[in-house]
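Participant: Below, each chain spelled out in residue letters.
Number of protein chains: 2
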Amino acid sequence: MGRSVLAHPQEKEKLLTYFETHIMKVLHWLASFGPDEDGGITRLLYSDSWLEAQRALAVKMSGCGLVTEFDEVGNLFGKLQGEDADAPSIITGSHIDTVVQGGLYDGAYGIAAGLLALDYLKRQFGKPKRTLELVSLCEEEGSRFPMAYWGSGSIAGKRNFEQIVHLQDGQEMSFADAMHRCGFGEGMGRNCRRDDIGAFIELHIEQGAVLESEGISIGVVDTIAGQRRLKFEVVGESNHAGTTPMHMRKDALEGVSVMIQALRREAVKLGAPLVATVGRLQVLPNMPNVVPGKVVFTVDARHADEGVLGSFCDWVKRTFTQLADERQLAIHGSEWFREEPVPMDERLKKQMDDVCKQMAISSKRMVSGAGHDAQMFKHICKAAMLFVPSRRGISHSPEEFTEPRDLAVGVLVLTELLYRLGYEGEEL
Amino acid sequence: MGRSVLAHPQEKEKLLTYFETHIMKVLHWLASFGPDEDGGITRLLYSDSWLEAQRALAVKMSGCGLVTEFDEVGNLFGKLQGEDADAPSIITGSHIDTVVQGGLYDGAYGIAAGLLALDYLKRQFGKPKRTLELVSLCEEEGSRFPMAYWGSGSIAGKRNFEQIVHLQDGQEMSFADAMHRCGFGEGMGRNCRRDDIGAFIELHIEQGAVLESEGISIGVVDTIAGQRRLKFEVVGESNHAGTTPMHMRKDALEGVSVMIQALRREAVKLGAPLVATVGRLQVLPNMPNVVPGKVVFTVDARHADEGVLGSFCDWVKRTFTQLADERQLAIHGSEWFREEPVPMDERLKKQMDDVCKQMAISSKRMVSGAGHDAQMFKHICKAAMLFVPSRRGISHSPEEFTEPRDLAVGVLVLTELLYRLGYEGEEL
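Those protein sequence lines, which keep their order, are chains F and D.
Numbering-wise (the working numbering), the first sequence opens with residue 1 and increments by one.
Numbering-wise (the working numbering), the second sequence opens with residue 1 and increments by one.
Simulated from the structure, these hints should not be mistaken for lab results.
One or more of the hints may lead you astray.
Between beta-carbon pairs, the in silico distance windows are [said to hold, decoys possible]:
#1 Val100(F) / Pro343(D): 51 to 61 Å
#2 Gln282(D) / Gly271(F): 24 to 34 Å
#3 Ser174(D) / Leu167(F): 40 to 50 Å
#4 Ala330(F) / Pro35(D): 48 to 58 Å
#5 Gly271(F) / Gln163(D): 54 to 64 Å
Straight-line Cα separation of at most 30 Å, DSSO-like style, residue types lysine-lysine; simulated pairs [said to hold, decoys possible]:
#6 Lys357(F) / Lys129(F)
#7 Lys317(F) / Lys294(D)
#8 Lys294(F) / Lys122(D)
#9 Lys231(F) / Lys294(D)
#10 Lys231(F) / Lys378(F)
#11 Lys364(F) / Lys250(D)
#12 Lys294(F) / Lys294(D)
#13 Lys294(F) / Lys269(D)
#14 Lys231(D) / Lys294(F)
#15 Lys269(F) / Lys25(D)
#16 Lys250(F) / Lys79(D)
#17 Lys250(F) / Lys364(D)
Chain F is nowhere near these chain D residues, computed Cβ spacing over 12 Å in every case [as the list claims (entries may be wrong)]:
#18 Thr21
#19 Lys122
#20 Met246
#21 Arg264
Every residue, glycine too, gets a C-beta built ideally from N, C-alpha and C.
Turn these sequences into a full structure, and let the hints steer you where they fit.
Facilitator: Written out as structure tokens, the structure is:
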């Protein structure tokens with residue numbers, strides 16, 4: 001057990017109060033870049049508000065004594081050089097971009113928290129043993145162009161310029177033009193790839209309501225769930241709603257409603273962390289007086305275990321086919337998206353558990369049902385994530401909210417972890 | 001039991017063969033007005049093809065010795081004057097307009113059949129006792145303007161010019177302009193109203209598959225079903241499909257899928273002639289990775305008995321509310337369309353039963369789940385309907401089809417009925 005950032009346990013309250021005040025200042029300052037008329041924040045990749053925010057952040061990082069650098073795609077790094085120049089860096093941070101009309105916390109919180117943590121550590125303890133870095137990743141949401149994890153993916157070598165050649169935004173501006181407009185992308189992105197990172201630690205709002213409902217302060221992410229998205233097309237017969245007796249119908253919507261029930265029952269039976277959702281559904285011809293002849297719908301299924309997820313999706317296909325057959329409906333299913341589960345680093349998770357335990361902060365291991373930049377970093381270094389509660393689980397909305405106190409607890413845990421890794425030299 | 005149009009029962013086959021040949025000729029001739037490129041027929045109210053068809057039909061009626069007349073809205077009558085000038089007319093016919101890309105039979109069959117029947121009766125038996133008329137109603141489908149039963153409704157005093165003042169078609173042409181373009185509507189429609197009709201008898205394709213599946217030639221319509229259309233809005237919570245555990249969801253679509261199941265179970269339990277359909281359904285926000293926060297959908301319910309229909313709709317509202325409450329979903333329901341059941345005339349139904357029985361033609365009493373012009377005439381005279389089979393129940397489509405033999409049987413039954421009423425003087 002290492003020393004703590006707290007000289008005395010009694011200082012915990014003082015430090016939390018300090019973080020509580022300052023995290024809100026930084027978040028409101030960041031929100032001044034890209035405010036919407038109705039209270040939301042929009043910072044799409046390579047937009048004016050995005051560029052202003054990244055530039056201002058670079059200035060702010062410098063002000064805190066971090067050595068700043070943009071890479072070719074616009075990721076911004078702020079470095080606190082360590083004594084051991086050869087030791088791999090410990091990086092914390094998150095993404096600066098938002099969805100359209102997003103909230104105050106998604107992405108921004110991880111950057112603001114990292115800034116406070118590094119600023120505090122530098123002022124309190126000076127130069128670390130290992131280099132600590134803060135990163136403001138250029139893009140994660142996929143909100144402007146049909147491409148997510150552009151920032152972390154470029155660093156991890158999972159995104160490259162060939163992939164964006166044909167991409168355009170909603171105004172038909174090409175990805176490359178948008179990037180060039182901001183002064184990025186002049187090379188070929190090859191310099192983005194890094195191989196000198198030891199660990200990436202991301203602090204993020206939960207975007208779910210588990211921590212809030214259980215009254216727990218910190219979520220230690222066990223695994224970022226794997227995802228599969230399936231599409232089904234169920235075909236029956238469009239018939240006159242008045243002249244077709246119930247027993248002569250081949251009602252595609254009736255069949256699909258049974259499938260939705262079966263899906264939910266099975267998901268509940270298998271239990272968390274399995275989630276399964278029919279989110280998009282279209283009825284044809286969709287007229288009040290016509291028995292639906294066709295329904296097209298999606299299934300989004302997620303689980304931390306690739307095997308369980310695979311078996312579940314097989315069950316879905318098999319069961320839907322059987323339910324369709326029983327009703328003389330035709331069915332066609334296909335998988336259009338797959339992402340394997342990404343387990344977070346075991347040792348880092350234990351270290352985070354320890355930090356919470358020793359600081360008397362309630363925490364629980366949990367699966368992240370949403371994707372995050374940490375899953376990209378996992379390809380090139382140890383990666384870990386911490387969650388703080390989200391009120392009512394709302395995200396991607398101006399209604400996103402986390403209590404300042406909860407935010408401060410997250411900053412404290414992050415600070416302590418960076419202290420142990422950076423200053424105490426705890427093994428990675 | 002009256003005399004028959006058949007001097008000898010052996011003549012039945014001969015007459016059926018005659019009608020079979022001629023009904024197809026008339027139908028194909030009518031289909032030459034408004035043919036679509038891909039095999040359908042489109043004759044929208046007051047369109048060029050519609051006007052040509054009505055005018056050509058007037059000429060054809062005259063050729064058969066009928067005295068023709070258009071009323072103010074464009075209904076075309078062909079009269080075979082009876083000996084008793086004071087006796088109310090017996091009218092047969094149907095509507096000349098079609099849906100967009102309609103079939104050969106819907107509406108047109110009733111007109112073609114009436115033409116063949118009156119032509120045959122006049123040639124065979126000369127002047128009737130009671131006046132017989134054929135009507136080609138200008139409009140029934142509501143396909144061009146948001147107004148159905150314009151033809152029969154004008155005759156029955158249920159439609160008037162005030163109702164169409166603000167109506168426009170998809171090209172923003174006003175109802176009145178379209179009518180004037182064809183030379184109609186110069187008065188105020190007051191001359192359309194008739195009070196000299198004794199009975200209206202409509203021959204129509206079933207538009208359902210009951211007769212076909214049971215191998216029966218003639219449907220004697222007991223009642224035109226009442227209709228109610230309800231709209232429900234179910235509101236839960238839009239949530240992240242990855243971060244919201246199954247037990248924390250308020251999934252509006254899941255709730256609605258249970259309602260669809262309950263609706264079907266209850267409709268099947270209550271049995272024919274009840275039919276209930278969820279035909280239109282919209283999911284919000286309708287994204288694969290978002291738990292549906294809102295679903296808006298319609299329920300179309302029909303039954304021959306107003307009391308049963310009313311209780312059923314009450315049950316629907318009560319049950320849906322309960323199912324929503326159990327899931328903490330908000331629900332709002334409203335009725336946006338109601339049409340009461342219209343029982344057909346008892347004596348005419350019995351006469352039609354008798355005709356079928358005596359001519360050894362299989363028949364059954366049935367409810368019409370679709371609306372028809374006969375329900376408008378019911379307000380001013382005795383009304384009755386006969387159905388012939390529709391292949392696979394398809395209508396409002398170029399795939400509409402009825403075997404020529406089945407069409408001929410319908411014409412024969414109609415002819416016999418008109419003979420008994422018009423020539424034999426059977427009581428109305």
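Participant: Look at each hint and say if it fits the structure.
Facilitator: Results of checking the hints against the structure:
1. A hinted range of 51 to 61 Å holds for the C-beta pair Val100(F) and Pro343(D), which are about 57 Å apart.
2. For Gln282(D) paired with Gly271(F), a C-beta distance near 32 Å keeps the hint of 24 to 34 Å intact.
3. Take Ser174(D) and Leu167(F): their Cβ atoms lie about 48 Å apart, and the range 40 to 50 Å holds.
4. Under the hint 48 to 58 Å, the C-beta atoms of Ala330(F) and Pro35(D), about 32 Å apart, miss the expected range.
5. The supplied range of 54 to 64 Å is met by Gly271(F) and Gln163(D), whose beta-carbon atoms lie about 59 Å from each other.
6. Using a Cα cut-off of 30 Å, the hinted pair Lys357(F) and Lys129(F) holds, with the two alpha carbons roughly 25 Å apart.
7. For the hint pairing Lys317(F) with Lys294(D), the CA-to-CA distance comes to about 26 Å; that is within 30 Å, so the pair holds.
8. Note on Lys294(F) and Lys122(D): the hinted pairing is violated, with a Cα-Cα distance of about 50 Å set against a maximum of 30 Å.
9. With a C-alpha separation of about 21 Å, the suggested pair Lys231(F) and Lys294(D) falls inside the 30 Å cut-off, and the hint holds.
10. Of the supplied pair hints, the one linking Lys231(F) and Lys378(F) holds, its CA atoms being roughly 29 Å apart against a limit of 30 Å.
11. Only pairs whose Cα atoms come within 30 Å are accepted, and Lys364(F) paired with Lys250(D) is accepted, the gap being roughly 24 Å.
12. At roughly 21 Å between alpha-carbon atoms, Lys294(F) and Lys294(D) fall within 30 Å of each other, so this suggested pair holds.
13. Proximity of Lys294(F) to Lys269(D) is assessed by CA-CA distance (about 25 Å); at most 30 Å being required, the pair is judged to hold.
14. Between Lys231(D) and Lys294(F) the CA atoms are separated by roughly 21 Å; this keeps the pair inside 30 Å, and the hint holds.
15. Restraint check: the Cα-Cα separation between Lys269(F) and Lys25(D) comes to about 64 Å, which exceeds 30 Å; the hinted pair is violated.
16. Taken as a hint, the Lys250(F) and Lys79(D) pair is broken in the structure, with Cα atoms around 45 Å apart against an allowance of 30 Å.
17. Under the criterion of a C-alpha separation no larger than 30 Å, the hint pairing Lys250(F) with Lys364(D) is consistent with the structure, at around 24 Å.
18. Every Cβ of chain F is farther than 12 Å from the Cβ of Thr21(D); the closest lies at roughly 29 Å, confirming the non-interface assignment.
19. Against chain F, the non-interface label of Lys122(D) holds: every CB pair exceeds 12 Å, the least being about 34 Å.
20. Some Cβ of chain F comes within 12 Å of the Cβ of Met246(D); the nearest lies about 5 Å off, and the non-interface call is violated.
21. The Cβ of Arg264(D) does not lie farther than 12 Å from every Cβ of chain F; its closest approach is about 6 Å, which violates its non-interface assignment.
Hint compliance for this structure: hints 4, 8, 15, 16, 20, 21 are broken, all remaining hints hold.
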